[in-house]
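Q: Given the structure of chain A, go ahead and fit chain B onto it with the hints provided.
Number of protein chains: 2
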Amino acid sequence: MATMLAVTDVSPGATCCAPLVREPISQPEAERVAVTLKALADPARLRLLSIVASSAGQEACVCDLIEPVGLSQPTVSHHLKILTEAGFLSRSKRGTWAYYRLEADALSTVAAFLTA
Amino acid sequence: MATMLAVTDVSPGATCCAPLVREPISQPEAERVAVTLKALADPARLRLLSIVASSAGQEACVCDLIEPVGLSQPTVSHHLKILTEAGFLSRSKRGTWAYYRLEADALSTVAAFLTA
Numbered sequence: 001m002a003t004m005l006a007v008t009d010v011s012p013g014a015t016c017c018a019p020l021v022r023e024p025i026s027q028p029e030a031e032r033v034a035v036t037l038k039a040l041a042d043p044a045r046l047r048l049l050s051i052v053a054s055s056a057g058q059e060a061c062v063c064d065l066i067e068p069v070g071l072s073q074p075t076v077s078h079h080l081k082i083l084t085e086a087g088f089l090s091r092s093k094r095g096t097w098a099y100y101r102l103e104a105d106a107l108s109t110v111a112a113f114l115t116a
Numbered sequence: 001m002a003t004m005l006a007v008t009d010v011s012p013g014a015t016c017c018a019p020l021v022r023e024p025i026s027q028p029e030a031e032r033v034a035v036t037l038k039a040l041a042d043p044a045r046l047r048l049l050s051i052v053a054s055s056a057g058q059e060a061c062v063c064d065l066i067e068p069v070g071l072s073q074p075t076v077s078h079h080l081k082i083l084t085e086a087g088f089l090s091r092s093k094r095g096t097w098a099y100y101r102l103e104a105d106a107l108s109t110v111a112a113f114l115t116a
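From first to last, the protein sequence lines stand for chains A and B.
By this note's numbering, the letter at position 4 of the first sequence is numbered 4, and the numbering carries on one by one without gaps.
By this note's numbering, the letter at position 28 of the second sequence is numbered 28, and the numbering carries on one by one without gaps.
FYI, nobody ran anything at the bench for these hints, they're computed from the structure.
With beta-carbon atoms standing in for the labels, derived distance ranges:
1. R94/B x G57/A: 50 to 60 angstroms
2. G57/B x A104/A: 26 to 36 angstroms
3. D105/A x P68/B: 23 to 33 angstroms
4. T75/A x A104/B: 35 to 45 angstroms
5. R91/A x S72/B: 40 to 50 angstroms
6. E59/B x G95/A: 56 to 66 angstroms
7. G57/B x K93/A: 50 to 60 angstroms
8. E85/A x Q58/B: 26 to 36 angstroms
9. S92/B x E85/A: 32 to 42 angstroms
10. Q27/A x C61/B: 20 to 30 angstroms
11. E67/A x R22/B: 18 to 28 angstroms
12. I66/B x E85/A: 27 to 37 angstroms
Idealized CB from N, CA, C, for every residue including glycine.
Extracted from the complex, chain A is given alone in its bound form (with noise of 0.2 angstroms):
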């Protein structure tokens, strides 16, 4: 029986056998990988991302990322909301306000997955 292979046990190293061109993912594989993918393929939540991303500590207050997006605060959190489940963030509360921080090792595990 195959060994099926979840993407967090990608390392990014590998790039000469990387999941996606090494041999045909299998489904529960594909399912997982689209829902990551997903988190990803919205403009706001690239905004967003990229934001945090370039801040210093890869790290914002929410408070910080409204007006550069130009989204409501609800709109925003949910978008936050999104990334934080799929990995990408991790949120921590600090008096009034949620600061949002880079997990750039979920980014790694979806490029060594993508690059052939």
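A: Chain B only, in chain A's frame:
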């Protein structure tokens, strides 16, 4: 005025300065990347791409793609069209059948864009 970076301008080797983490990406850039990621963010398309990518010469006949994914020929052709339009596959006709070849650079470009 800032120069707008097109995804196609990204060198796969530039992991230290990947666009997504270097500076906040623009709305047009975010929209372009989101379209590309949406083309990938589907289980059937990921499986089709993976089958083509792991075939000899990274090329496969559409006739060999239908059974493995268990979808109808029109559905498979629809997904292949989306992948081709997004630049991940190229298509050539030989005799009765269409053949699809992996465009590995397109995958590498996305990977380079996401690498943190």
